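A.B. asks: Numbering (my numbering), first residue to last: 24 to 563.
Please note: incorrect hints may appear among the correct ones.
Only pairs whose alpha carbons sit at most 27 Å apart, straight line, appear in this in silico DSS-like list of lysine-lysine [said to hold, decoys possible]:
{"no.": "1", "residue 1": "Lys-182", "residue 2": "Lys-163"}
{"no.": "2", "residue 1": "Lys-110", "residue 2": "Lys-217"}
{"no.": "3", "residue 1": "Lys-110", "residue 2": "Lys-434"}
{"no.": "4", "residue 1": "Lys-131", "residue 2": "Lys-110"}
{"no.": "5", "residue 1": "Lys-413", "residue 2": "Lys-493"}
{"no.": "6", "residue 1": "Lys-267", "residue 2": "Lys-217"}
{"no.": "7", "residue 1": "Lys-131", "residue 2": "Lys-163"}
{"no.": "8", "residue 1": "Lys-434", "residue 2": "Lys-163"}
{"no.": "9", "residue 1": "Lys-52", "residue 2": "Lys-176"}
{"no.": "10", "residue 1": "Lys-266", "residue 2": "Lys-217"}
{"no.": "11", "residue 1": "Lys-394", "residue 2": "Lys-163"}
{"no.": "12", "residue 1": "Lys-52", "residue 2": "Lys-110"}
Please keep in mind that the hints were generated in silico from the structure rather than gathered at the bench.
Please read all numbers here as calculations on a predicted model, not as lab measurements.
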Amino acid sequence: MLWRRLLLRYRGTAAPQASGYSEAGASYKRRALRAFFPNSNSPSSDIHDNADTLRQRSRMLYMSAPVATSAINTNRTKVVGTGLTLKSTIDRDVLGLAPEAAKEWQTKTEAEFRLWAENRRSCDAMGLNNFYGLQQLALKSWLMSGDVFAVVKIHDTDKLHPYALRLHLVEADRVSTPNRYGSAIDVIGYTVGKNPDNGNQILDGVEVDSSGAVVAYHIRNTYPHEWLNSEETVWQRVEAIGKKTGLPQVLHIMESERPDQYRGVPLVAPIIEPLLQLRRYTESELLSALIQSYFTAWIVSEAPKDAIPLNEVGGGDLGGVPVENPKTDNASHSENEYEMGPGQVTHLAEGEDIKFGNPNVPTAGFEQFVKTLCKLMGGAIEMPYELLLKEFNASYSASRAALLEAWEGFKMRRTWLVDSFCQPAYEIWLSEAVARGRVIAPGFFDDPLVRAAWCGARWIGPVQGSLDPKKEVDAAILQTHHGFRTHEQVTREMGGGDWEENAEQLARENEMLKAAGSEGVIETTASTTTQGGTNNAGNE
Numbered sequence: 024m025l026w027r028r029l030l031l032r033y034r035g036t037a038a039p040q041a042s043g044y045s046e047a048g049a050s051y052k053r054r055a056l057r058a059f060f061p062n063s064n065s066p067s068s069d070i071h072d073n074a075d076t077l078r079q080r081s082r083m084l085y086m087s088a089p090v091a092t093s094a095i096n097t098n099r100t101k102v103v104g105t106g107l108t109l110k111s112t113i114d115r116d117v118l119g120l121a122p123e124a125a126k127e128w129q130t131k132t133e134a135e136f137r138l139w140a141e142n143r144r145s146c147d148a149m150g151l152n153n154f155y156g157l158q159q160l161a162l163k164s165w166l167m168s169g170d171v172f173a174v175v176k177i178h179d180t181d182k183l184h185p186y187a188l189r190l191h192l193v194e195a196d197r198v199s200t201p202n203r204y205g206s207a208i209d210v211i212g213y214t215v216g217k218n219p220d221n222g223n224q225i226l227d228g229v230e231v232d233s234s235g236a237v238v239a240y241h242i243r244n245t246y247p248h249e250w251l252n253s254e255e256t257v258w259q260r261v262e263a264i265g266k267k268t269g270l271p272q273v274l275h276i277m278e279s280e281r282p283d284q285y286r287g288v289p290l291v292a293p294i295i296e297p298l299l300q301l302r303r304y305t306e307s308e309l310l311s312a313l314i315q316s317y318f319t320a321w322i323v324s325e326a327p328k329d330a331i332p333l334n335e336v337g338g339g340d341l342g343g344v345p346v347e348n349p350k351t352d353n354a355s356h357s358e359n360e361y362e363m364g365p366g367q368v369t370h371l372a373e374g375e376d377i378k379f380g381n382p383n384v385p386t387a388g389f390e391q392f393v394k395t396l397c398k399l400m401g402g403a404i405e406m407p408y409e410l411l412l413k414e415f416n417a418s419y420s421a422s423r424a425a426l427l428e429a430w431e432g433f434k435m436r437r438t439w440l441v442d443s444f445c446q447p448a449y450e451i452w453l454s455e456a457v458a459r460g461r462v463i464a465p466g467f468f469d470d471p472l473v474r475a476a477w478c479g480a481r482w483i484g485p486v487q488g489s490l491d492p493k494k495e496v497d498a499a500i501l502q503t504h505h506g507f508r509t510h511e512q513v514t515r516e517m518g519g520g521d522w523e524e525n526a527e528q529l530a531r532e533n534e535m536l537k538a539a540g541s542e543g544v545i546e547t548t549a550s551t552t553t554q555g556g557t558n559n560a561g562n563e
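Modelling step: build the complete structure from the supplied sequences, incorporating the hints.
C.D. replies: Listed below in structure tokens is the structure:
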């Protein structure tokens with residue numbers, strides 16, 4: 024017991040010892056961490072103050088780096104595709120409707136919505152896109168710029184356009200803090216300010232009250248980098264929610280990374296540096312390969328450099344008469360520049376010579392290096408490199424796993440787009456349709472619960488790709504046979520359609536086949552269905 028007493032006495036008198044993360048990730052003594060001093064600040068300082076730089080770099084990489092272009096366009100194609108279509112799903116239990124009445128109401132409402140959504144002059148304030156085109160543009164702008172705004176506007180109606188609702192997409196650059204309210208300035212203007220009328224803080228164009236709730240957006244009529252625009256910059260304050268209607272007046276589409284964050288971050292923000300370096304690397308390899316493919320002869324001679332030997336390209340002087348060859352003339356006319364080209368013959372002055380390094384390219388391992396870098400970047404943006412490079416050379420299991428992993432990210436972004444853009448736009452439209460009497464929805468404006476029941480909807484978009492349809496269909500049959508999934512779920516996930524509509528259409532087709540006397544075809548078509556409650560395909 025003596026050693027225990029000595030140990031306790033030592034602990035009471037010894038200096039405090041580092042423990043836990045002090046000897047791990049929080050250590051200031053370890054060699055690898057001595058110079059590692061990150062200083063994370065508020066979202067306003069870390070995100071809002073850097074948003075403009077991130078936007079400009081993201082757009083430039085989209086326009087010049089193929090991997091960045093693929094990342095954004097692949098999301099656009101998989102998340103939205105040709106557009107997310109409305110499938111009304113009202114709550115019959117709350118509304119007390121029979122199935123037939125609910126089906127009739129949903130069909131009528133979907134037809135009315137298509138009247139608004141499929142006409143570009145009915146839904147787009149600019150008259151350029153229909154509602155499905157606006158979805159694509161909103162998603163692409165969100166991923167490229169970090170966020171995008173849809174301003175609700177009211178236009179005049181006419182016989183062909185019975186609805187006044189219009190949506191105006193506003194790019195992220197135009198939402199900023201007005202100069203007259205600014206208190207902290209950077210290279211493009213004020214990012215933090217205060218509204219003197221109510222004391223609300225303005226964070227990069229988003230006005231919030233004392234509790235942090237968004238109350239308004241400040242939208243400028245010009246772009247901050249548009250120097251040649253002679254129009255005076257004016258900001259308009261648009262309240263987030265209409266006071267009379269309680270409906271959104273601005274739809275803000277973004278992804279939040281941190282609490283108290285009011286502006287978004289571009290998709291490629293975490294990988295801007297590797298994307299830029301990869302672009303430079305591939306351009307360097309391309310240029311080196313191009314130089315290697317040239318066969319250029321350099322002539323060292325005392326003859327005048329403007330003489331034209333046989334078969335030489337370019338302009339020159341022959342007997343004092345200028346000779347031009349505009350089709351093959353060199354791009355540069357400077358005497359101090361020498362250019363290379365396929366089969367080109369170039370003169371050098373006396374005493375001049377040309378020496379090159381050894382451009383033996385492409386570099387060994389170039390392809391593997393690019394793939395490795397794409398794997399790292401793809402992991403950061405939740406997109407396997409197979410989708411970034413559109414290369415599926417691995418096994419069936421590996422390729423399917425890559426698609427399944429990517430699809431989780433696509434479904435998540437689709438849900439965000441629906442929640443922040445599609446569903447709010449539909450609810451605003453439905454409010455107008457009910458108010459105008461084109462859609463009958465008793466109690467819509469009286470009870471929030473009834474209103475929510477009428478607004479129920481599902482948005483159907485592109486389905487997950489299939490590598491082996493037969494295997495996946497067989498698996499779906501087994502799942503429905505054992506009750507793991509319903510026919511409606513399988514139909515929605517595999518084809519994006521509606522099982523009830525499919526069943527009704529098949530019933531009509533079967534009746535037509537019977538009338539034509541093609542009974543054998545009917546039996547073949549229905550061979551995988553149940554006979555007396557037994558699923559033949561499932562039993563096999």
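A.B. asks: Does each hint fit the structure? Answer for all of them.
C.D. replies: How the hints compare with the structure:
no., hint, verdict
1, Lys-182 / Lys-163, "33 Å, violated"
2, Lys-110 / Lys-217, "43 Å, violated"
3, Lys-110 / Lys-434, "17 Å, holds"
4, Lys-131 / Lys-110, "11 Å, holds"
5, Lys-413 / Lys-493, "23 Å, holds"
6, Lys-267 / Lys-217, "26 Å, holds"
7, Lys-131 / Lys-163, "31 Å, violated"
8, Lys-434 / Lys-163, "15 Å, holds"
9, Lys-52 / Lys-176, "59 Å, violated"
10, Lys-266 / Lys-217, "22 Å, holds"
11, Lys-394 / Lys-163, "25 Å, holds"
12, Lys-52 / Lys-110, "60 Å, violated"
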